[in-house]
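K.L.:
Sequence:
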Amino acid sequence: MSMLPVYSWRLAPDGLATRRQLRAAGLRPGGQDAVAQVERPRYRRGPLVAFLYRIELALPVRPMTPARAAALAKANTARRTCPKCRRDAGYVIPAALGMCVPCAYPEEQCAA
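Going by this note's numbering, the letters in the sequence shown line up with residues 34 to 145, in that order.
Accuracy of the hints is not assured; some may be wrong.
Label-pair restraints from in silico Cβ distances [unchecked claim]:
id	residue 1	residue 2	range
1	Ala57	Pro139	40 to 46 Å
2	Arg120	Met97	24 to 30 Å
3	Gly79	Lys107	34 to 40 Å
4	Arg113	Glu140	22 to 28 Å
5	Pro127	Phe84	17 to 23 Å
6	Gly79	Arg56	21 to 27 Å
7	Ala102	Gly79	35 to 41 Å
8	Leu44	Lys107	40 to 46 Å
20 Å max Cα-Cα, derived SDA-like pairs, lysine to any residue [unchecked claim]:
id	residue 1	residue 2
9	Lys107	Leu81
10	Lys107	Glu89
11	Lys107	Ala83
12	Lys117	Ala128
13	Lys107	Arg119
I should point out that these hints are in silico values taken from the structure, not numbers from a laboratory. Bear in mind the structure is a predicted one, so any value in this text is a computation, not a measurement. Even for Gly, the Cβ is constructed at its ideal location relative to N, Cα and C.
Sequences are here, hints too, so could you generate the full structure?
P.N.:
Here it is in C-alpha coordinates:
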(Lines of atoms letter the chains of each structure in order from A; the text may use other names.)
(Lines give C-alpha, C1' and ligand atoms only; values in the text may rest on other atoms or scores of the structure.)
Protein backbone atom coordinates (compact mmCIF):
# COMPACT_ATOMS: atom_id res chain seq x y z
CA MET A 34 0.00 0.00 0.00
CA SER A 35 1.38 3.38 -0.92
CA MET A 36 1.56 6.32 1.41
CA LEU A 37 -1.73 8.14 1.82
CA PRO A 38 -1.97 11.92 2.04
CA VAL A 39 -2.44 13.02 5.64
CA TYR A 40 -4.69 15.96 6.53
CA SER A 41 -5.04 17.72 9.85
CA TRP A 42 -8.26 17.49 11.81
CA ARG A 43 -11.16 19.25 10.04
CA LEU A 44 -8.96 20.29 7.10
CA ALA A 45 -9.74 17.47 4.67
CA PRO A 46 -10.83 18.56 1.18
CA ASP A 47 -14.44 18.40 0.05
CA GLY A 48 -15.56 15.17 -1.55
CA LEU A 49 -13.92 12.95 1.09
CA ALA A 50 -15.60 11.41 4.12
CA THR A 51 -14.88 8.93 6.90
CA ARG A 52 -16.82 5.68 7.25
CA ARG A 53 -18.92 7.23 9.98
CA GLN A 54 -19.76 10.24 7.85
CA LEU A 55 -20.64 7.98 4.92
CA ARG A 56 -22.89 5.88 7.15
CA ALA A 57 -24.68 8.99 8.45
CA ALA A 58 -25.42 9.88 4.82
CA GLY A 59 -26.75 6.37 4.12
CA LEU A 60 -23.65 5.31 2.17
CA ARG A 61 -20.83 2.76 2.46
CA PRO A 62 -17.32 2.68 0.95
CA GLY A 63 -18.37 -0.09 -1.45
CA GLY A 64 -15.00 -1.80 -1.77
CA GLN A 65 -12.95 1.26 -2.61
CA ASP A 66 -9.58 1.77 -0.96
CA ALA A 67 -8.95 4.71 1.34
CA VAL A 68 -7.58 7.70 -0.57
CA ALA A 69 -6.34 9.75 2.39
CA GLN A 70 -6.34 9.92 6.15
CA VAL A 71 -7.08 12.57 8.71
CA GLU A 72 -5.24 12.83 12.04
CA ARG A 73 -6.45 14.41 15.23
CA PRO A 74 -3.70 15.13 17.75
CA ARG A 75 -4.11 13.93 21.32
CA TYR A 76 -2.32 14.94 24.47
CA ARG A 77 0.31 12.38 25.63
CA ARG A 78 -0.77 9.74 23.09
CA GLY A 79 -0.52 9.11 19.41
CA PRO A 80 -2.96 10.85 17.11
CA LEU A 81 -6.40 9.48 16.28
CA VAL A 82 -6.46 8.40 12.64
CA ALA A 83 -9.47 8.04 10.35
CA PHE A 84 -9.36 6.93 6.73
CA LEU A 85 -11.10 9.00 4.08
CA TYR A 86 -13.08 7.69 1.10
CA ARG A 87 -14.43 9.37 -2.03
CA ILE A 88 -18.10 10.26 -1.65
CA GLU A 89 -18.83 9.97 -5.39
CA LEU A 90 -17.62 6.32 -5.41
CA ALA A 91 -19.61 5.36 -2.30
CA LEU A 92 -22.58 3.02 -2.68
CA PRO A 93 -25.89 3.05 -0.81
CA VAL A 94 -26.14 0.98 2.35
CA ARG A 95 -27.69 -2.43 1.73
CA PRO A 96 -31.18 -2.73 3.20
CA MET A 97 -31.79 -4.97 6.20
CA THR A 98 -33.58 -8.11 5.03
CA PRO A 99 -35.72 -10.27 7.34
CA ALA A 100 -33.11 -13.05 7.17
CA ARG A 101 -30.28 -10.69 8.14
CA ALA A 102 -32.38 -9.25 10.99
CA ALA A 103 -33.09 -12.77 12.29
CA ALA A 104 -29.40 -13.72 12.10
CA LEU A 105 -28.41 -10.54 13.93
CA ALA A 106 -30.99 -11.19 16.68
CA LYS A 107 -29.74 -14.76 17.06
CA ALA A 108 -26.11 -13.60 17.34
CA ASN A 109 -27.00 -10.96 19.95
CA THR A 110 -28.95 -13.55 21.96
CA ALA A 111 -25.90 -15.83 21.90
CA ARG A 112 -23.73 -12.98 23.24
CA ARG A 113 -26.12 -12.51 26.18
CA THR A 114 -26.49 -16.23 27.06
CA CYS A 115 -24.21 -17.50 29.83
CA PRO A 116 -22.41 -20.70 28.77
CA LYS A 117 -22.39 -22.00 32.36
CA CYS A 118 -25.99 -21.50 33.55
CA ARG A 119 -27.54 -21.16 30.03
CA ARG A 120 -29.67 -18.15 31.08
CA ASP A 121 -30.09 -14.83 29.30
CA ALA A 122 -28.05 -12.41 31.41
CA GLY A 123 -29.82 -9.34 29.99
CA TYR A 124 -26.46 -7.83 28.97
CA VAL A 125 -23.55 -8.85 26.77
CA ILE A 126 -21.37 -11.33 28.67
CA PRO A 127 -17.93 -9.76 29.30
CA ALA A 128 -15.20 -11.54 27.35
CA ALA A 129 -12.84 -11.23 30.32
CA LEU A 130 -15.22 -13.28 32.50
CA GLY A 131 -16.58 -15.65 29.86
CA MET A 132 -19.76 -16.08 31.91
CA CYS A 133 -22.38 -13.97 33.68
CA VAL A 134 -21.38 -12.12 36.84
CA PRO A 135 -23.36 -14.37 39.25
CA CYS A 136 -21.61 -17.46 37.80
CA ALA A 137 -18.19 -15.77 37.86
CA TYR A 138 -18.50 -14.61 41.48
CA PRO A 139 -20.87 -17.04 43.26
CA GLU A 140 -19.48 -16.35 46.75
CA GLU A 141 -20.37 -12.65 46.53
CA GLN A 142 -23.94 -13.44 45.47
CA CYS A 143 -24.53 -15.70 48.50
CA ALA A 144 -23.36 -13.05 50.97
CA ALA A 145 -25.74 -10.41 49.67
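K.L.:
If a hint holds in the structure, say so; if it doesn't, say that too.
P.N.:
Verification of the supplied hints:
{"no.": "1", "hint": "Ala57 / Pro139: 40 to 46 Å", "in the structure": "holds (45 Å)"}
{"no.": "2", "hint": "Arg120 / Met97: 24 to 30 Å", "in the structure": "holds (28 Å)"}
{"no.": "3", "hint": "Gly79 / Lys107: 34 to 40 Å", "in the structure": "holds (38 Å)"}
{"no.": "4", "hint": "Arg113 / Glu140: 22 to 28 Å", "in the structure": "holds (24 Å)"}
{"no.": "5", "hint": "Pro127 / Phe84: 17 to 23 Å", "in the structure": "violated (30 Å)"}
{"no.": "6", "hint": "Gly79 / Arg56: 21 to 27 Å", "in the structure": "holds (25 Å)"}
{"no.": "7", "hint": "Ala102 / Gly79: 35 to 41 Å", "in the structure": "holds (38 Å)"}
{"no.": "8", "hint": "Leu44 / Lys107: 40 to 46 Å", "in the structure": "holds (44 Å)"}
{"no.": "9", "hint": "Lys107 / Leu81", "in the structure": "violated (34 Å)"}
{"no.": "10", "hint": "Lys107 / Glu89", "in the structure": "violated (35 Å)"}
{"no.": "11", "hint": "Lys107 / Ala83", "in the structure": "violated (31 Å)"}
{"no.": "12", "hint": "Lys117 / Ala128", "in the structure": "holds (14 Å)"}
{"no.": "13", "hint": "Lys107 / Arg119", "in the structure": "holds (15 Å)"}
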